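Asker: Sequence:
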Amino acid sequence: MRLLLLLLLAAPLTAQQTPAPKPQEPAEAKPAAEEQKQEAAEASAPAPAADENISGYVDVGYRWVSGPAGNFDSYRSIVNLGEGPKLLNLDWSFQDPKKRLFDRLDVRANNWGGDPYNTARIDARKNRLYNFSFDYRNIALFNFLPSYANLLSEPGLPLGAVRPLFLNQRSFDTTRRLMDVQLDLLPGTWLVPYLAYSRNSGEGRGITDFVSGSNEYPVATRLSDKTDHFRGGVRLEMRRFHVTAEQGGTTFKDDQSAFHSGTQFGNRATPLLGQTLSLTNLSEAWRIRGDSIYSKVIVTANPIDRLDLYGQFLYSQPTTDTNYSLAGTGNFALLSALRFYSGQQDLGFAEAKQPHTSGSVGAELRITRRLRVTESWMTDRFHNASSVLLTERLLSAATPEQTNRVFASPLLELNYSQQEVNLLFDVTSRITLRGGHRYVWGDARVPASELAGGGLEQGELKRHVGLAGVNYRSGQRLSANLDYEASSGDRSYFRTSLQDYHKARARARYQLMDSLSLNGSFSILDNQNPAPVLDYEFRSRDASLGLFWTPKGGKRFTLLGEYGRSTIRSSLDYRLPTALNVIENSAYRDNAHTANALGDINLSSIAGRPVKLSLGGNFFVSSGSRPTRYYQPVGRLSVPLGKHVQWNSEWRWYGFSEPFYLYEGFRTHQFITGIRLGI
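Counting from 1 along the sequence shown, just add 153 to a position and that's the residue number in our numbering.
No lab work stands behind these hints: they were computed from the structure. Small disclaimer: the values here were computed from a predicted structure and weren't measured. Glycine is no exception: its CB is placed at the ideal position from the N, C-alpha and C atoms. Take the hints with a grain of salt, since some may be wrong.
Pairs of lysine-lysine, BS3-like flavour, derived with a Cα cap of 30 Å [unchecked claim]:
#: 1; residue 1: 279; residue 2: 252
#: 2; residue 1: 506; residue 2: 379
#: 3; residue 1: 708; residue 2: 615
#: 4; residue 1: 251; residue 2: 796
#: 5; residue 1: 765; residue 2: 239
#: 6; residue 1: 708; residue 2: 796
#: 7; residue 1: 279; residue 2: 449
#: 8; residue 1: 251; residue 2: 279
#: 9; residue 1: 765; residue 2: 796
#: 10; residue 1: 449; residue 2: 615
#: 11; residue 1: 252; residue 2: 406
#: 12; residue 1: 239; residue 2: 379
#: 13; residue 1: 506; residue 2: 449
#: 14; residue 1: 406; residue 2: 379
#: 15; residue 1: 765; residue 2: 615
#: 16; residue 1: 506; residue 2: 615
#: 17; residue 1: 705; residue 2: 615
#: 18; residue 1: 796; residue 2: 239
#: 19; residue 1: 705; residue 2: 765
#: 20; residue 1: 406; residue 2: 449
Okay, the calculated beta carbon distance ranges per label pair [said to hold, decoys possible]:
#: 21; residue 1: 625; residue 2: 289; range: 20 to 30 Å
#: 22; residue 1: 572; residue 2: 476; range: 41 to 51 Å
#: 23; residue 1: 222; residue 2: 492; range: 14 to 24 Å
#: 24; residue 1: 628; residue 2: 247; range: 24 to 34 Å
#: 25; residue 1: 433; residue 2: 400; range: 51 to 61 Å
#: 26; residue 1: 572; residue 2: 233; range: 38 to 48 Å
#: 27; residue 1: 625; residue 2: 794; range: 44 to 54 Å
#: 28; residue 1: 400; residue 2: 794; range: 47 to 57 Å
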C-alpha cells in the first residue's frame with residue numbers, strides 16, 4: 154500500500170503544524186444573511202430562456218487495453234482499469250422556470266462502465282424550503298502483490314507436499330459502496346432542521362492465515378460488513394453565534410468466514426518433533442453485531458469584535474456482540490503439552506461496551522491590530538469493558554477428548570489530551586511571526602501479553618512541543634512560509650511514536666513574470682527513541698519544485714511541471730519472536746525521484762474553438778530496500794466537431810518493475826476515445 158501511495162500521490166511525507174486559523178462555523182452552518190442574499194438574487198432574476206433551462210455536458214467513450222503483459226495481479230493491484238464502453242463524465246444542471254418541485258437540480262457522474270471508482274451525485278434545491286443531496290460511490294479494492302506475505306516453494310518437503318509458489322497470504326478482492334443522503338429544511342432561515350442517512354458496506358473474498366500451534370496455513374476467506382448511520386439535528390444561525398445540536402446512531406455488522414478442503418502443509422517446511430504438521434479441513438466463522446447512540450453539540454460565537462470562540466462535544470456508547478466458531482482437522486501440535494492432536498472445535502462468545510467522550514474548545518483573541526493569540530484544548534477518552542467465553546475441544550486418537558474453558562474480561566482504557574497556544578504578530582504588512590507551545594499527555598491500560606505474565610500493562614504519554622513559524626508576503630509576486638516544531642518527549646505509547654523529534658516545512662511561490670510562476674517546498678522529519686532494546690531512528694526528507702508557464706496568456710502553449718526528491722531512513726532493534734534473547738535490527742532505506750509534466754498545444758481552431766494536443770506524463774524511480782520503476786507517459790487530442798460536440802482521445806502507457814521482484818512487473822498500452830456532448 155505504501156508503494157501505491159508513493160506512485161500515485163508523490164506527496165510530502167509529513168504535514169506540519171500551521172497557525173490556528175480564525176475559528177469558523179461548521180461547513181453546514183452557512184451564514185443566513187449570505188444565503189438570503191443569494192436566494193433573493195435568484196428570485197429576482199428573470200426566468201431563463203427555454204434553451205437555457207438545461208446546461209452541461211456528457212462524456213462517453215470506449216477504452217482498449219493491450220495485455221497487460223507481465224503480472225496481471227500486480228496490474229490490478231495498482232491500476233485496475235478495464236476495457237469496454239464508458240460513461241466518463243456527466244454534469245447536467247436543470248432549472249425549472251415555474252419553480253414547482255425544485256428551483257435547480259444538478260446531476261453529476263464519473264467513471265461508469267467497470268472502472269474501479271465510480272461516483273454519482275444529485276443536488277436539488279427549492280428557495281427557502283429545502284436543500285437535498287444524494288452522493289454515491291462504488292470502489293473496487295484489489296490487492297494481490299505476489300511478493301507480499303508470500304509462501305515460497307522450499308526444498309526438503311515430504312513426498313506429495315505441494316506448496317503454492319508466490320502466494321500472497323494477505324490478499325483481498327472486495328467492493329465497497331458508500332451512500333450519503335441529507336435533507337435540510339428551511340435553508341436561509343435562523344432555524345434549520347436536517348435529517349441524514351449514510352451507509353458504508355463492503356463484500357468480497359480473499360486469502361488469510363489460519364494459525365495453529367507452530368504453523369500457519371493460507372486459506373480462502375469471505376468478507377462482508379455494513380454500517381448504517383442515522384442522524385438528525387437542528388442548526389441555530391444568528392448573527393453572533395451558531396449552534397448545531399445533533400442526535401444520531403449507528404448499526405454495524407461484520408461477518409468473516411475462512412474455509413479449506415484438502416491437505417496442505419502450511420508455512421513450516423520441516424517436521425516438528427518428527428511429525429509433519431498439516432491441515433485437512435477447516436470451517437471458521439466470525440459474526441459481529443454492534444450499535445451506538447451518540448449526541449453532538451457544536452458552538453461558534455463572536456461575542457465581541459475582537460474575540461472568536463468555538464467548541465464541540467461528542468458522547469457515544471457503542472456495544473458489540475461477537476460469536477465465533479471453528480471446526481478443523483489435520484495434524485496439529487500443542488506445544489505447551491508437547492502433544493499432537495487431529496481435530497479442534499471452538500465456540501466463542503463475547504460482548505463489549507465502549508463509552509467514548511471527546512470534546513474541544515478554542516478561542517482567538519485579537520489584542521491589537523497586529524497581535525493575535527489562539528488557544529485550543531481537546532480531550533478524547535475511550536473505555537472498553539468486555540467479557541469473553543471460549544470453549545475449546547482438542548481431539549486426539551491417542552487420548553480421550555479434552556475440553557478447555559477460558560473466561561476473560563479484557564479491559565482497555567485510553568485517555569488523550571492536547572493543549573496548544575500560539576502568538577501571532579504582524580511585524581509589517583508583509584511579515585507575520587508565530588510562536589507557540591503544545592502539551593500532549595495521556596495514559597492507557599491494556600491487557601499484558603502472555604509473554605509478560607498477563608495482567609494489565611500501563612503506559613503514559615507526555616510531550617512538550619515548541620512551535621515557531623514565519624510568513625512572508627510581497628504583493629502578488631512572492632509568498633513564503635516556514636513552520637517548525639521540536640520536542641524532547643520522555644514517554645510514548647508505541648516504539649515508533651514521535652519521541653525526540655524535529656519537524657520543519659518550508660513553502661514558497663514566486664511569480665517570476667506574468668506568464669511564469671514557480672513554487673517549491675521542503676520538509677524534514679528527524680525522530681529518535683534511544684530507549685534500550687529499541688534504538689529507533691527515523692529520518693525523512695522531501696523537496697519539490699514546480700512551474701506553470703503560460704506564454705502569451707496560454708494562447709498557443711501552456712506547460713505544467715513538477716519534480717520531487719524524497720528519502721526515508723529507519724532503523725529499529727527488536728527481539729526475535731522465536732528466540733527472545735536474540736536482538737535483531739530492522740533497517741529500511743528509500744531514495745525516490747518523482748516527476749510529472751503536461752504541455753498543452755493549441756494547433757488550430759475549428760468553429761472558433763481550439764484543437765488541443767497534450768503531451769506529458771509522470772514517473773517514479775526509487776532505490777534502496779525495495780527499488781521500483783514506474784512510468785506513465787500520456788498523450789491527448791481534443792478536436793471540436795461543432796458548437797456543442799468535441800472528440801477526445803487519449804493514449805496512456807503503464808510500466809512497472811522491481812529489480813528484486815522481476816515477476817511482479819507489468820506493462821500495458823491503453824487507448825480511449827469518445828465524444829463530449831454539450832448543452
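Asker: Run every hint past the structure and note whether it holds.
Answerer: Hint check results:
1. For the given pair, residue 279 sits about 8 Å from residue 252 by alpha-carbon distance, which is consistent with the 30 Å threshold.
2. Between residue 506 and residue 379 the CA atoms are separated by roughly 20 Å; this keeps the pair inside 30 Å, and the hint holds.
3. Of the supplied pair hints, the one linking residue 708 and residue 615 is violated, its CA atoms being roughly 58 Å apart against a limit of 30 Å.
4. Of the pairs offered as hints, the one joining residue 251 and residue 796 holds, with about 29 Å between alpha carbons and a cut-off of 30 Å not exceeded.
5. Taking the CA atoms of residue 765 and residue 239, the gap is near 22 Å; set against the 30 Å cutoff, the hint holds.
6. Restraint check for residue 708 and residue 796: the C-alpha separation of about 20 Å stays at or below 30 Å, so the hint holds.
7. For the hint linking residue 279 to residue 449, the alpha-carbon distance of about 28 Å falls within 30 Å, and the restraint holds.
8. As the CA atoms of residue 251 and residue 279 are separated by approximately 11 Å, the hinted pair is consistent with the 30 Å bound.
9. This hinted pair checks out: residue 765 and residue 796 have alpha carbons roughly 15 Å apart, not beyond 30 Å.
10. Simply put, residue 449 and residue 615 have alpha-carbon atoms about 28 Å apart, close enough for the 30 Å limit, and the pair holds.
11. As the CA atoms of residue 252 and residue 406 are separated by approximately 43 Å, the hinted pair breaks the 30 Å bound.
12. Only pairs whose Cα atoms come within 30 Å are accepted, and residue 239 paired with residue 379 is accepted, the gap being roughly 28 Å.
13. In summary, the hint linking residue 506 to residue 449 is supported, as the alpha carbons are separated by about 19 Å, within the 30 Å threshold.
14. At roughly 5 Å between alpha-carbon atoms, residue 406 and residue 379 fall within 30 Å of each other, so this suggested pair holds.
15. Taken as a hint, the residue 765 and residue 615 pair is broken in the structure, with Cα atoms around 58 Å apart against an allowance of 30 Å.
16. Taken as a hint, the residue 506 and residue 615 pair is honoured in the structure, with Cα atoms around 28 Å apart against an allowance of 30 Å.
17. Restraint check for residue 705 and residue 615: the C-alpha separation of about 57 Å exceeds 30 Å, so the hint is violated.
18. Proximity of residue 796 to residue 239 is assessed by CA-CA distance (about 23 Å); at most 30 Å being required, the pair is judged to hold.
19. The straight-line distance between the Cα atoms of residue 705 and residue 765 is roughly 16 Å, inside the 30 Å bound, and the hint therefore holds.
20. As the CA atoms of residue 406 and residue 449 are separated by approximately 23 Å, the hinted pair is consistent with the 30 Å bound.
21. A beta carbon spacing of about 44 Å between residue 625 and residue 289 contradicts the range 20 to 30 Å that was offered as a hint.
22. Checked against the hint of 41 to 51 Å, the C-beta distance between residue 572 and residue 476 comes to roughly 43 Å, which is consistent with it.
23. Taking the beta carbon of each, residue 222 and residue 492 are about 52 Å apart, not inside 14 to 24 Å as hinted.
24. Separated by about 43 Å at the C-beta atoms, residue 628 and residue 247 break the suggested range of 24 to 34 Å.
25. At about 52 Å, the CB distance of residue 433 to residue 400 agrees with the hint of 51 to 61 Å.
26. Evaluation of the 38 to 48 Å hint for residue 572 and residue 233 yields a pass: the beta carbon distance comes to about 45 Å.
27. The supplied range of 44 to 54 Å is met by residue 625 and residue 794, whose beta-carbon atoms lie about 49 Å from each other.
28. Range check, residue 400 to residue 794: Cβ separation about 54 Å, and the 47 to 57 Å hint holds.
Hints 3, 11, 15, 17, 21, 23 and 24, counting from the list given before, are not met by this structure.
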